[in-house]
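Turn these sequences into a full structure, and let the hints steer you where they fit.
There are 2 protein chains.
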Amino acid sequence: MPKVTDEHKEARREQILAAAQRVFARHGFEGATVSRLEGETGLSRGAIFSYFENKDDLFVAVVAQSSDRLVAIWMERGFQALLEAIAHEDPDWLAVQLEATRRVRTDAGFRARLGRLEEEAKALREERLARLRPGLRDDLPIESVVMFLNFVANAFAFARVIEDKLPDLDVLMELVETGVAPR
Amino acid sequence: MPKVTDEHKEARREQILAAAQRVFARHGFEGATVSRLEGETGLSRGAIFSYFENKDDLFVAVVAQSSDRLVAIWMERGFQALLEAIAHEDPDWLAVQLEATRRVRTDAGFRARLGRLEEEAKALREERLARLRPGLRDDLPIESVVMFLNFVANAFAFARVIEDKLPDLDVLMELVETGVAPR
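Chains as they are written, first to last, in the numbering used here: chain F, 11 to 193; chain R, 11 to 193.
None of these hints come from the bench; they were simulated from the model. Since this is a predicted model, take the numbers as computed values, not measurements.
Label-pair distances were calculated between CB atoms; the ranges are: (1) R55(R) to A82(F): 45 to 53 Å; (2) R55(R) to E94(F): 47 to 55 Å; (3) R55(R) to L134(F): 46 to 54 Å; (4) A28(R) to M183(F): 39 to 47 Å; (5) D100(F) to H98(R): 31 to 39 Å; (6) A95(F) to R138(R): 31 to 39 Å; (7) G125(R) to L127(F): 31 to 39 Å.
If you want the ones that stay clear, here's a sample from chain R, every Cβ over 12 Å from chain F, calculated: (8) T15; (9) G56; (10) A57; (11) L80.
Derived coverage of chain F by chain R (criterion: at least 3 residues anywhere in the stretch with Cβ under 8 Å from a Cβ of chain R; other residues may be distant): (12) 96 to 106; (13) 152 to 162.
The beta-carbon is built from N, C-alpha and C at its ideal position, and this holds for glycine as well.
Encoded structure:
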């Protein structure tokens with residue numbers, strides 16, 4: 011019964027991703043040792059690395075899952091809901107993702123892994139742009155306008171990591187919407 | 011002749027800051043060992059740490075200097091000039107500053123040091139807000155509008171670290187200016 015096996019595999023994969031995110035958030039990328047990953051997942055290293063090639067691969071998968079979840083909120087409930095979701099993210103996890111930007115620059119293998127992931131998401135990105143288009147100004151390339159919104163979301167995550175208090179969401183939305191709304 | 015001594019001290023301090031920035035950019039915060047700092051400054055650890063209490067203190071001073079330089083560009087030549095300056099920053103140095111956000115969250119001593127620095131800059135910040143006010147919309151608190159511009163600059167620095175290509179500056183400026191211009 012391959013279906014049951016696939017479901018089991020998928021559940022196991024999810025379990026590993028959730029536990030790994032907690033370990034990365036608590037200890038950082040370097041501090042997320044294999045034995046800590048074993049402890050938090052309750053699985054052996056053999057089991058963990060039958061799902062993910064290595065720690066880089068596991069980290070990139072956790073980042074991708076976390077980012078997919080936020081993008082889905084944006085698509086289904088709008089940009090303000092995305093910012094609200096970021097405001098409720100674990101700041102330690104956001105911090106670890108920022109920290110990983112250093113690896114993106116210095117580690118070619120890590121960068122290639124992220125690049126492959128982006129390549130896979132390309133078709134999905136086109137579909138998302140089409141869904142966002144009606145709510146946005148059309149005198150500038152849609153890619154640029156969406157990139158700007160991405161910018162603001164990243165910056166909001168950044169503020170969540172380093173600041174004690176977050177900016178007023180209504181004021182932020184007013185500034186952003188004035189910039190991106192159809193003329 | 012105390013004046014000469016002060017000038018000499020100031021020049022020495024600048025020399026240490028410039029060399030330390032290169033070491034932090036190249037090796038990260040953790041990798042910036044005392045012997046690497048000695049090598050790059052050409053000074054002994056005794057000399058270096060007569061100017062700065064410890065490595066945290068040195069790092070915070072380098073960050074403050076770098077940030078002061080960028081803020082001065084913004085004040086004197088405008089927001090687009092600031093973004094252009096960020097586009098020409100050493101991405102390794104930007105990456106190390108992002109990486110340090112983890113320390114801000116996890117290290118109370120480090121956070122206190124940054125906090126003291128911000129406290130010192132408070133009067134300066136008021137003066138800057140007053141200078142920026144005439145070019146910005148007045149139906150929202152000036153602090154919020156400037157915070158939004160800060161947001162965009164941070165996000166631009168972030169993009170410089172993780173992306174191969176930067177967004178078109180003219181398009182970005184159009185989106186930002188529409189949002190913040192006087193009504």
